[in-house]
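Chain by chain, the residues:
2 protein chains.
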Amino acid sequence: MSLIVVGTMAYDAIETPFGKTDRIVGGSATYAAYAASFFVKPIQQISIVGNDFEEAIMEDLRERGVMTDGVEVVSDKPSFFWSGKYHLDMNTRDTLITDLNVLADFKPVVPESYQGAEFLMLGNLSPDIQKSVIEQLRERPKLIILDTMNFWMEIALEGLLENLKLIDVLLVNDSEARQLTGEFSMVKAARKILTMGPKYLIIKKGEHGAMLFHGDHVFYAPALPLEDVFDPTGAGDTFAGGFIGYLANTKDISFNNMKSAIIVGSAMASFCVEKFGPTRLQELTREELEERIQEFVDLVQFEIDLSQ
Amino acid sequence: MSLIVVGTMAYDAIETPFGKTDRIVGGSATYAAYAASFFVKPIQQISIVGNDFEEAIMEDLRERGVMTDGVEVVSDKPSFFWSGKYHLDMNTRDTLITDLNVLADFKPVVPESYQGAEFLMLGNLSPDIQKSVIEQLRERPKLIILDTMNFWMEIALEGLLENLKLIDVLLVNDSEARQLTGEFSMVKAARKILTMGPKYLIIKKGEHGAMLFHGDHVFYAPALPLEDVFDPTGAGDTFAGGFIGYLANTKDISFNNMKSAIIVGSAMASFCVEKFGPTRLQELTREELEERIQEFVDLVQFEIDLSQ
Chain A
63 MSLIVVGTMA
73 YDAIETPFGK
83 TDRIVGGSAT
93 YAAYAASFFV
103 KPIQQISIVG
113 NDFEEAIMED
123 LRERGVMTDG
133 VEVVSDKPSF
143 FWSGKYHLDM
153 NTRDTLITDL
163 NVLADFKPVV
173 PESYQGAEFL
183 MLGNLSPDIQ
193 KSVIEQLRER
203 PKLIILDTMN
213 FWMEIALEGL
223 LENLKLIDVL
233 LVNDSEARQL
243 TGEFSMVKAA
253 RKILTMGPKY
263 LIIKKGEHGA
273 MLFHGDHVFY
283 APALPLEDVF
293 DPTGAGDTFA
303 GGFIGYLANT
313 KDISFNNMKS
323 AIIVGSAMAS
333 FCVEKFGPTR
343 LQELTREELE
353 ERIQEFVDLV
363 QFEIDLSQ
Chain B
63 MSLIVVGTMA
73 YDAIETPFGK
83 TDRIVGGSAT
93 YAAYAASFFV
103 KPIQQISIVG
113 NDFEEAIMED
123 LRERGVMTDG
133 VEVVSDKPSF
143 FWSGKYHLDM
153 NTRDTLITDL
163 NVLADFKPVV
173 PESYQGAEFL
183 MLGNLSPDIQ
193 KSVIEQLRER
203 PKLIILDTMN
213 FWMEIALEGL
223 LENLKLIDVL
233 LVNDSEARQL
243 TGEFSMVKAA
253 RKILTMGPKY
263 LIIKKGEHGA
273 MLFHGDHVFY
283 APALPLEDVF
293 DPTGAGDTFA
303 GGFIGYLANT
313 KDISFNNMKS
323 AIIVGSAMAS
333 FCVEKFGPTR
343 LQELTREELE
353 ERIQEFVDLV
363 QFEIDLSQ
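Heads up: the sequence lines are chains A and B, in that order. End of the first sequence sits at 370 in the working numbering; the numbers just go up one at a time, nothing left out. End of the second sequence sits at 370 in the working numbering; the numbers just go up one at a time, nothing left out.
Certain hints may be false.
In silico DSS-like cross-links for lysine-lysine, where the CA-CA straight-line distance does not exceed 27 Å [to be verified]:
#1 B:K261 x B:K227
#2 A:K250 x B:K267
#3 A:K82 x B:K250
#4 B:K204 x B:K103
#5 B:K250 x A:K267
#6 B:K337 x A:K254
#7 B:K204 x A:K254
For each label pair, taking beta carbons as the anchor points, the in silico distance ranges come out as [said to hold, decoys possible]:
#8 A:L150 x B:D161: 35 to 41 Å
#9 B:E350 x A:G259: 33 to 39 Å
#10 B:L368 x A:L199: 25 to 31 Å
#11 B:L223 x A:D314: 51 to 57 Å
#12 A:S316 x B:E216: 49 to 55 Å
#13 A:T154 x B:E352: 49 to 55 Å
Since the hints were derived computationally from the structure, they do not count as laboratory data. Note that CB positions come from ideal geometry on N, CA and C, so glycine has one too.
So here's chain A without its partners, still in its complex pose (with noise of 0.2 Å):
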């Protein structure tokens, strides 16, 4: 049961109102290959990286399981680097600097010993790369989720709507549906979307918690109340790599499962926010994820009794 993982694997500088880093090691496909580690093996990584990039954190994801033959090794580059500062809500980032650097090049190859995998996750990158890796597959895996952002809804958004008939899974944040549909209401904009080609749509909406959407069926899970978001970068690829983590151990793609997969998807992203960039996942173990799962199954269980 093998995933592959396309994102970067970059270099951030964070700050928070609760503290900063110059530089710690970030990237879509870092924190998907981190959360999914926990529950599926191998997972077949595919990104591009500089001159810069440390060897102990391609050794640490090789030691969780993580093939990393399809990750590109640029010699006379840095690796991709961004810079930002959120604001007190957290919600909200200015970016501060972009440096594509590695990433103006990046033209994915999926290694032939990739071939086969029945889970595929694409990160968030331009529409003309996501499509590049499906058409690379010779056979298409059982499921295919991809992540996007506003920025490919401005520059490429003809790619994105072809890309959208050829997924299963959409992962969106709220503001992003509504600018993909033009309508405010999220049961409206996703029921739009659901006639663009995903047959499932989720909706990331922060400290509010996801909601998965399929046919008329709707999930939600809330976000797990914490004390402080710490650092929210990388909160959403850890959900993403949490959740088809989860669905590609339990091999099981039912509306149903997925739900689980959603619980399990918020409880890792729990874990990302406590510190900078992937520490805390680095750290985590097993039974500290069974119990941040029983969190949430106490924060949202209840009985009613109407019979009286």
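Got chain A sorted already, so can you dock chain B onto it with the hints?
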């Protein structure tokens, strides 16, 4: 098992992106009584109205088991009148007109027939008025719920803080919880409020649902994703009425039963917003309510197997 509801009975003029009404019955006690009447009788209403308040509404409420002995009718003034306009996101609104009218003289008198009530809901009113009702009750109710708003935090904070020591459940929205505590994090704000008096705190988050805090326990009830929120006026009061009505009906004020009561309140509120004013609550059937509560169950239930 009687319930006293204290609050306004009024008229509203409402404009939303979906329509406009120049005059419709409203007021916190009106909404709360309609909602609570689905679960408990009698409801002992305490309010004040003017010479313009329709007898048909009073009669409709009485038929639903609402006692109106405590509703003062002022013969030479009109009822409290509020006019407001909602924006597209329905979470913000502009108040256009606030005519206090009879409300300026509201000095509630608890009728002798109301003594011994086991449940008390104090709708959003000045802390002085809320306190005077508590003081008139010879026997402390089993459960006292208090709703308030930012306005009272600004002009009558001292009185509000005194009241918090007299009640069991405080009901505020997220921005009010922040204002009351100076804490941005909901978890920190909740912890602080629980040291101010109330043993239970409900934080209303509109379309993002509601949270219940008690000691170290927390429960998150999502709002039902609706295609359109036609008119949110009264949703909070309807929620409160459904919440305390369910508790009074089941005679159980445990944390576990409050979780169910919050779902019931959320279900009632989800009907309230479908039409202008209390129109939808007036039409609502028991069967529709039961169906909607099942929708809440479906919305949040999941099962996770981490054994693999």
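We went through each hint and held it up to the structure:
Taking the CA atoms of K261 (chain B) and K227 (chain B), the gap is near 10 Å; set against the 27 Å cutoff, the hint holds. Only pairs whose Cα atoms come within 27 Å are accepted, and K250 (chain A) paired with K267 (chain B) is accepted, the gap being roughly 21 Å. Pair hint K82 (chain A) plus K250 (chain B) holds up; C-alpha atoms about 22 Å apart against a cutoff of 27 Å. Note on K204 (chain B) and K103 (chain B): the hinted pairing holds, with a Cα-Cα distance of about 16 Å set against a maximum of 27 Å.
Simply put, K250 (chain B) and K267 (chain A) have alpha-carbon atoms about 21 Å apart, close enough for the 27 Å limit, and the pair holds. At most 27 Å may separate the alpha-carbon atoms for a hinted pair to count; K337 (chain B) and K254 (chain A) meet this at roughly 24 Å. Only pairs whose Cα atoms come within 27 Å are accepted, and K204 (chain B) paired with K254 (chain A) is rejected, the gap being roughly 49 Å. Checked against the hint of 35 to 41 Å, the C-beta distance between L150 (chain A) and D161 (chain B) comes to roughly 37 Å, which is consistent with it.
Hint check: E350 (chain B) to G259 (chain A), Cβ distance near 35 Å, so the stated range 33 to 39 Å holds. Taking the beta carbon of each, L368 (chain B) and L199 (chain A) are about 30 Å apart, inside 25 to 31 Å as hinted. A hinted range of 51 to 57 Å holds for the C-beta pair L223 (chain B) and D314 (chain A), which are about 52 Å apart. Here the CB-CB span from S316 (chain A) to E216 (chain B) is close to 51 Å, well matched to the stated 49 to 55 Å.
One distance hint, 49 to 55 Å for the beta-carbon pair T154 (chain A) and E352 (chain B), is violated here, with the actual separation near 41 Å.
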